[in-house]
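Novice: Fit chains B and C to the given chain A structure using the hints.
One-letter residues, chain by chain:
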Amino acid sequence: MKNFIKRFYIGIIFVFLYAPIVTLIALSFNSSKTRAKWGGFTFKWYASLLQDEIILQALWNTLIIAFLSSLIATVIGTAACVAMQSMSRKMRALFMGITNIPMLNADIVTGISLMLLYISLGVRFGFSTILLSHITFNIPYVILSVMPRMKQLNPHTYEAALDLGASHVYAFFKVVFPDILPGVLTGFLMAFTMSLDDFIITHFTKGAGIDTLSTKIYTEVKKGIKPEMYALSTIIFIAVICLLLIINIFGKKSAQKDMRQDN
Amino acid sequence: MKKELITLQNISKSYDGQLVLDDLNLFIRENEFLTLLGPSGCGKTTTLRILGGFETPDSGKVIFDGSDITTLPPNKRQLNTVFQKYALFVHMTIAENIAFGLKIKKKSASYIKDKIKYALKLVNLEGYENRMPDSLSGGQQQRIAIARAIVNEPKVLLLDEPLGALDLKLRQDMQYELIRLKNELGITFIYVTHDQEEALTMSDTIVVMNQGYIQQIGTPEKIYNEPENAFVADFIGDSNIIASTMVRDELVEILGARFACVDKGFGENAPVDVVIRPEDVELVAENTGTIEGVVSHIIFKGVHYEMEVMANGFEWLVHSTKMFPVGTKVGIKVDPYNIQIMNKPVSEDEEASTVNE
Amino acid sequence: MNRKKALQAPYLFWSVMFILIPLCMIFYYGFTDKTGAFTLENIMAIATAEHAKALWLSMLLSLVSTVLCLVIAYPLAMILSSMNVSQNSFIVVIFILPMWMNFLLRTLAWQTLLEKTGVINNILSFLHLPALNIINTPPAIILGMVYNFLPFMVLPIYNALVKIDKNVINAAKDLGANQVQTFIRIILPLSIPGVISGITMVFVPALTTFVISTLLGGSKILLIGNVIEQEFTRAGNWYLGSGLSIVLMIFIIVNMVLSSVFDKDGEGAIL
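Read top to bottom, the protein sequences are chains A, B and C.
Under my numbering, the residues of the first sequence are numbered 5 to 267, in order.
Under my numbering, the residues of the second sequence are numbered 695 to 1051, in order.
Under my numbering, the residues of the third sequence are numbered 102 to 372, in order.
So that you can see chain A by itself, here it is in the shape it has in the complex (with noise of 0.2 Å):
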C-alpha cells in the first residue's frame, strides 16, 4: 500500500513534467496548422523542416553557440579548479563567491548588466556577444562539476608523479586529468545543456539579425509557432532520448564489470 502510494505520486509528477512535451510531439504530427485542433496524422512538417533556411540557421546558430561556449567555458573552469586548489582558504571562498553570483543572480539581471557592458564598450551585438554571455553562464557549472572531483583528489598522487620524473603538464594530463576526467565531462553537459535550453541571456545580449532556437520561438509566440518547430524539438528530443539509452545500456556494462572486479 505504502509502495503504492509511493509510485502513484512519483507517476503524477511524471505526467505533469512530461505531458507538455507530449502535446509538443502530438503537435508535431498534427496536420492541421494551428494547435487549438487536431487536423489528422502528418509526417509533412518533418519534410518541410528540412526546406526551412530560417529555422536551420537558428539551430545552427544553437548548437555551435553551445559547443563553443560550453568548450571555452570547460577550459577556463577547470584551469581555474585547478589554480584553486593551491590557493589559501580566504582566496579560495573569494574565488567560489564570485562563481555563485551568476548561479544565484537572476538571468534577467545578467543578461542586463552584459547588455550594458557590450553597449558601454561599443561591441556591435551579434554572434560574438551571445558566445561571450554563454561562455560566462556556463564557467560555474564547469567549476561545480570539476570542484567536488578535485577536492576527492589524493593531493599526492600528483607529487608523486612529479618525484618519478614527470614535468609539470605531464603529471597534470596523466595523473591528475584522467581522476577529474568524469568531473569534466559532467560540467561540459551541464554547460551545453544550459547554453541550448538558455532564452533570457541570449534575449538580452543578441542584437537584431541573429537567432538561436529560443529567441526565434520567442518572436513567433505571438503570430503563432510554425509547426517545423514542433517537428524539430522532436527530433532533438529522440536523438537524445537514444543517445541516452545507449549510454545507459553501456554504463551498466561497465558498472556490472566494476563490480565484478570489486568482488
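In case anyone wonders, no lab produced these hints; they're calculated from the structure.
Pairs of lysine-lysine residues, derived as DSS-like cross-links and limited to a Cα-Cα distance of at most 30 Å, are as follows:
#, chain 1, residue 1, chain 2, residue 2
1, C, 267, B, 800
2, A, 10, C, 264
3, C, 267, A, 6
4, B, 863, B, 811
Sample of chain A residues with no beta-carbon within 12 Å of chain C, all distances over it, derived:
#, residue
5, 35
6, 60
7, 168
8, 169
9, 170
10, 179
11, 213
12, 214
Just so it is clear, CB atoms sit at the ideal spot from N, CA and C, and this is done for glycine as well.
Specialist: Coordinates of chains B and C only, in the frame set by chain A:
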C-alpha cells in the same frame, strides 16, 4: 551460570538471493561481554542489526527475556546501539544528543540534566554539554555515542565495530574503558569486530563467524588455545596449520615425523589438521629435535624474534626469544599439550572456512 | 608560481570583465540620469502605482509557487531518496532530459493543455467535472512557474536527504523515536540546508521571470520582470530599467545571504 537473556533461534537472512546468515543459533547470557568476531561479510553485523531491530530475519526467532521480539521495531526494544562511525546528530549539541532518548520517553527536565551529567562523567567528558559533535575528536565522539546509548539504561548494549575508526593507541585505551564501563553498568555488551586482538582482550565469550556460520563459541582462552577448525586457528593469531595423520590416540604424524599429543578419539590413521602456535614451537640444537630444519628468515619484533624454519617441506612460523641466524640448522620440538588436533572439514559449516581461504 | 597565475588568470579576467564590471554598470546606470548626474529617481520609480503593483504581484506569485514547489518536492525527494533508484538516472529523467525540449515550447504547450477547449478540459468534461479556466490568469502563471522550477526544489532536498547517514536515522529509532519523531527531530532539521537552497533556486527565477507571464498570462498581466524587460528592449530607458533591477537585486541578495548562512559549504547545491 547466569540466565539466558537473548536467544537467536534458527535465524536465516539473505540479501538479493545471497545467504548472509544460515540457520544461526546463539544464546547470550545476562551481564555477558559477548563478541561476534569474523572477517567482513561473515554475517556478524547482520546478526547485530537483527538484534537491534534494523533487519528482520527471513526465518527464525529472536527471544528477549522470554518474549518474541523478532518483528518489534527498534524504538520498542530494550536494547541500544553504538553505531559504526558514531552516527551522532550533527545538528544537536552533545547534551541534546545524550538527552534524545530521554526526551522521547518524556522524562523530567531535572532527571535528564542529572543523567547527562552522569553519562558525561562516566565517559570522562565532563563539561562538554554545549559543544557540537563536529568539534570533537573521533575518540570523544565515540564516547558520546556510548553515553547517548547508556543513559537509556538498556539491558543490552550493541556495539558495531565502535573502535574501527580510531587509531591504535586510542583503540587500546578505549578497550579498557569499555571493560570498565561494562562492569560499572552491569549490563550485557554485544560487540561486533573483525579485530581478533580486541575480541581476545575484552570478551567473556567470543563467537567466531565466517560466511554466515558460527565456527566456534567459547572463552578467549578456549578459542585461542583450542581452535576447532583451521579457519578459527588461522583467524585468531598466527599459527602453523599442517595437514597430518592421526596414527592412534595421543600420537600424530606431522610431515613424516611422529609427535606425541594429548588428543584422543580421532580413530586410527585418520587425516586431521594440526594447529601449532608459533610461540609453542621450540627450537633446539641440531639433531636433538623431532624434526630437523634450517632457519630461512628472521625478523626482530621487540618482544621476540619471528623466524621461519624450513623443515620437511613446510615453512614453520616460530616466535622465540632466542635468536638463530639465517642458515642455522635447528631441531624442532613441540610439547604434547601444545599440539591441537582438528578434524578435517567435512560438515558444511567447516567447508565454508576452506572456501574462504 | 607563474604556472598558478597562468591557470587562474583567464577565469579571474573573465569574472571581473563579465560578472563584476557588468554588475557595477547596473549600479552606475541605476543611480544616474541621462545627463550622467546622480539621482535616486530610478530607484524611487518602484513606488509608482504601476511598478509597485507589478512588484507586489511578482512577489505574491513567486511566493505561492515557491511554497507549492516545496510542498510538492519534499515528499517527492523523500520517496526518491528512500528508493534504490540510481541518482544519475533520476536526475537525468526529472531534470536534464526535459531541458532538451526548449523551455519556451514546453511552457507554451501548457497553453494547448489549458485552453478552454484544450486537452485538460476535454478530459474534465469527459469525467463530468467542471472546466478549468485558468489560462491567461495568475494561476496559469503559477502553474508555469511550478512546472519550470520544480526540479530546482527537488534536487537540493534530495541531495540533502540522501546525504543523511542511514545509521543516524537508525540511531534515532534505536533511542526510542517513532517515525514521526524521527522525521521532525532528525530528518527535517538535517535537510534544512537543501530546503533553503531549493527556496533560493526557485524564488529568484520566479520573482524575476518575464517569459512565463508573457507565455501563460496573456498580455494583460505585468510582472516586475516584464516591466524591466520592456524598459530595456522597447522603451530603451536603461536608467529606469537598471534602477528597478537594483530594487530586484535587494531581494536576490537577501536570498543569497540566507542561502550562504544555511549552506556554508554548498552542500545543498544543485550539483
